[in-house]
Amino acid sequence: MLWTAIKRIFGGVWRVLSGISKGISVLLPILLLAYLVGALLLGFKAAQPEPMPDRAALLVNLSGVLVENRTPLEPFDALMQGDSGEVLLPVLLKAINDAADDDRVTALVMDLQALAGPSVTQTLEIKAALDTFKASGKPVVAIGDYYDQGQYALAAQADTVVLHPEGGINLYGFAIYKSYVKQLLENAKITMNVFRVGENKSAVEPFLRDDMSESEREVIGRWLGDLWDSYTGLVEQSRGFEPGAVQQFINEFPDRLEVAGGDQPQLMLDAGFVDKLFTHDQRDQFLSDLVGATDEDGHYQAIEYGAYAQLNAYNESESESESEADGGAVSDAVTPLIAIVPIEGELIPGESMQGFAGSDTVVDQLERAVELEGLAAVVLRINSPGGSVFASEVMRQKILAIKDLGLPVVVSMGGVAASGGYYIAADADQIWAHPSTITGSIGVFAAFPTVEKLYDWAGATVDGVSTTGIASAIRFDTGVNPAGRRIINSLISNIYVEFVDLVARGRGLSWDQVNDIAGGLVWSGRDALDIGLVDSLGGLDAAVAAAATLADVSDYETRRVGTPLSPEQLILEQIGKELGSVHVPGGSMATRLIKQLVQPLRIMDSLQDPKNIYVRCLECASAL
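Counting from 36, one number per residue, gives the positions in the sequence shown under the numbering used here.
Just so you know, not all the hints are guaranteed correct.
[Claimed, not checked] No farther apart than 30 angstroms at their CA atoms in a straight line, the calculated lysine-lysine pairs in the DSSO-like style are these:
#1 K224 to K311
#2 K213 to K488
#3 K169 to K129
#4 K224 to K213
#5 K129 to K162
#6 K311 to K129
#7 K311 to K438
#8 K488 to K217
#9 K213 to K169
#10 K162 to K173
#11 K488 to K224
#12 K438 to K129
#13 K173 to K311
Since the hints were made in silico from the structure, they are not lab data.
Could you build all of it, start to finish, from the sequences and the hints given here?
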């Protein structure tokens, strides 16, 4: 009866999926044909972008998640979603830096309403560009009806922070809470087989416990405190507060809000977190006066940063074409190049996808970097909590091959470069991190589910014949026997020794020195500098400059080598944009609830190593 019911359920699901698949197979060619015909009728060529107004604000209207590297969507997702919901940080930074020297840009306006995050390290990167812009004498304004905590840290870098009189700022501090599913797995009769090396390798605790261990509480409390100190310091410096003022304000917030009669916007104004309380009409008038120009609708004149970047790219391309046509302006000398290769997301074998860095994709990017004419050095921009041991080793071997060519390799750490993220960084000639970067977590674990308890509960039995004593040592239906456990423990112990050994070699430390700071311990960038895991504190620009010094070049250019999109993906994305798409706000209560509920399932889904062995820091992902 049970099997019949299961077959009926899955049969129904399959019929639904089959129907959807058939519908897509008919619909997709039609949509593609319609789009291509329309494109042909319109000329389907790269047209000159709209010209830049004589006076305008650079509008930094960010929507989605800040990333270093664009990840391609699956064809159906591209069609339905339209875009990836990603904001390319390099494009944003270049637009701000270009605008600093552009006399037509009179101000910069940040609209952060739809921005998810950003992290402290991303804010530091953007702050450097904003400081350059402000040094040109032009004002920066942040506008918003409401700011969450991540948005506010970036908004605080503006000269003027504008808040709606009915809005608010959500300042609450940092917290990490996990869903512990030991009892859930037991109720479902699923055995999560876990093996780990490193007493502080807490990545697998959600499968083994009902609460947080004291050792994990201590480790997380330390680096989370460092991250919070970086955040509060960033806000306090930009707003002219005394050290500790943000922490004190949050601690006193319930009392101060009561005194203010529940008027949070006025409280934020009085406390100095914002500068203006404006309705939308008041805000628009303020910006019109500030920019000094209005459009045909009477709103302040602005150009979106994406359109501005596209316009600059077009002009640069035209300028290069004109130089080549003139002849004399072209030099035979090759300008040295510093290639920047992003490694972003959890590490998995195969191809990259949203949230995951695939080993095949990263290796392809590195190979394309090596083929660049005039390549002088490679900078790896790592923003990853780790993942598959196999994927990490494949990437590391390619990095070693680049070093064997005599090319310097420098690592720039983003918000997180821990566990597998540090594994692939350890052999670099130099490692740079932000003070708020989360790194370390040198440890190994293996994890995979088995359902022997479910079989027993359902009354199913398993029997058979094997040719060796270990042929049935590890099975999904019967679990892991003592021999299987010995095998797995030996494998992960060996990988841990190799992990510590490669870090010791790469960092010029003894094995015991690394082992003392390993064991799964997680460190902030500031602490990592003190214990020798990184060489210097600084952002991507500092790492690039260090790579140029190692390569002994002073006049150089940089080139990002990311994931290229196929013509099909570009077409599908464009179709999706034309059709429109529906996005659930990233900060909605429903979205946050769903993320919390699916967290353990997502962890299990990401376990894709062929040997089920991982160098990964689960809690570190919160710093991305």
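Practice item. Decide if the proposed pair is consistent with the structure: K224 and K311, CA atoms, cutoff 30 angstroms inclusive. Key: 57 angstroms, violated
Check your understanding: Going straight from one Cα to the other, do K488 and K224 come out at no more than 30 angstroms?
Key -> Holds. K488 to K224 sits at ~5 angstroms (cutoff 30 angstroms).
Review point. Would the pair K129 and K162 pass a check requiring their Cα atoms to be no farther apart than 30 angstroms?
Key: Distance of about 13 angstroms is within 30 angstroms: holds.
Point to revise | 30 angstroms limit on alpha-carbon distance, applied to hinted pair K162 and K173 | key: 15 angstroms, holds
Practice item. Compare the distance between the alpha carbons of K438 and K129 with 30 angstroms, and conclude whether the hinted pair is satisfied. Key: 29 angstroms, holds
Review point. CA of K213 to CA of K488, is that 30 angstroms or under?
Key: 25 angstroms, holds
**Study point:** Hinted pair K169 and K129, Cα distance within 30 angstroms
**Key:** Holds - the C-alpha atoms of K129 and K169 are around 15 angstroms apart, at most 30 angstroms.
Review point. Given the hinted pair K488 and K217, is their alpha-carbon gap at most 30 angstroms?
Key: 14 angstroms, holds
Practice item. Below or equal to 30 angstroms on CA atoms is what counts here, so check K311 against K129. Key: 29 angstroms, holds
Point to revise | 30 angstroms Cα cutoff - pair K213, K169 | key: Answer violated: K213 to K169 is near 41 angstroms, above 30 angstroms.
Point to revise | Hint consistency between K311 and K438 [alpha-carbon to alpha-carbon, up to 30 angstroms] | key: Given pair K311, K438 is violated - Cα atoms ~53 angstroms apart, limit 30 angstroms.
Review point. Is it true that the CA of K224 sits at most 30 angstroms from the CA of K213?
Key: 21 angstroms, holds
When held up to the earlier numbered hints, the structure conflicts with 1, 7, 9 and fits the remainder.
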